[in-house]
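S.K.: Sequence:
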Amino acid sequence: MARNKAQFEGYFGIGIIEPKTEANVGTLWRSASLLGASFIFTVGRRYKKQSSDTGKSWKEMPLFHYADFEDFYQHLPYSCQLVGVELDENAVPVEQFGHPERCVYLLGSEDHGLSNAVRARCHYLVQLPGTNSLNVASAGSIMLYDRYLKAHLAQENGAAR
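Residues 1 to 161 in UniProt numbering are what the sequence shown lists, from first letter to last.
These are computed hints drawn from the structure, not numbers from a lab.
Even glycine gets a Cβ: it sits at the ideal position worked out from N, Cα and C.
Watch out, some of these pointers could steer you wrong.
Claimed, not checked - Pair by pair, the computed Cβ-Cβ distance ranges are:
| no. | residue 1 | residue 2 | range |
| --- | --- | --- | --- |
| 1 | His112 | Asn157 | 35 to 41 Å |
| 2 | His152 | His112 | 29 to 35 Å |
| 3 | Gly10 | Gly44 | 25 to 31 Å |
| 4 | Thr21 | Ser115 | 18 to 24 Å |
| 5 | Glu156 | Phe64 | 29 to 35 Å |
| 6 | Asn90 | Lys150 | 20 to 26 Å |
| 7 | Gln155 | Glu89 | 30 to 36 Å |
| 8 | Phe64 | Ala120 | 21 to 27 Å |
| 9 | Glu70 | Tyr145 | 26 to 32 Å |
Build the full structure now, drawing on both the sequences and the hints.
M.R.: So, in structure tokens, the structure goes:
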């Protein structure tokens, strides 16, 4: 199965801080592979292969693991923006968000979300619709699809000129 790489320069990755279940990591990995991400990652908990990654995304896309947030933050790629996905009064609604060319999307754990300290270090905070949190793999998939859709719409609009 071919990856749906968006037609623009740059790259993006997505990951979860302290994921509660391996199934969420596997599901996010599959979505990330299908929607053009360059990599995924976990912070604070190691991933174990399991059944929700039915597409065997591990063959196409690396998964990185970081011991804690500081380890992760110190290893952000050069000139890469950190985008926190969180219910927060200061967050931009996803409908209004312009995705950076090079970025990493960071999702909070299912139990605790992103801490205030982590939110303060993000370049952007983005909020999905609703007042309750979503399943973390679902939230990540929605963010990835929003990026994919906006990139393809921009490409079509550019070609129509």
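S.K.: Hint by hint, note whether the structure agrees.
M.R.: Evaluation of the provided hints:
Look at histidine 112 against asparagine 157: about 39 Å separates their beta carbons, and that is inside 35 to 41 Å. Evaluation of the 29 to 35 Å hint for histidine 152 and histidine 112 yields a pass: the beta carbon distance comes to about 34 Å. The hint said 25 to 31 Å for the Cβ distance between glycine 10 and glycine 44, and at roughly 27 Å that hint holds. Taken as a hint, the range 18 to 24 Å holds for the pair threonine 21 and serine 115, whose Cβ atoms sit roughly 20 Å apart.
At about 33 Å, the CB distance of glutamate 156 to phenylalanine 64 agrees with the hint of 29 to 35 Å. Taken as a hint, the range 20 to 26 Å holds for the pair asparagine 90 and lysine 150, whose Cβ atoms sit roughly 22 Å apart. In this structure the supplied range 30 to 36 Å holds for glutamine 155 paired with glutamate 89, their Cβ-Cβ distance being about 33 Å. In this structure the hint that phenylalanine 64 and alanine 120 lie 21 to 27 Å apart at CB holds, the actual value being about 23 Å.
A C-beta distance of roughly 30 Å is found between glutamate 70 and tyrosine 145, which places it inside the suggested range of 26 to 32 Å.
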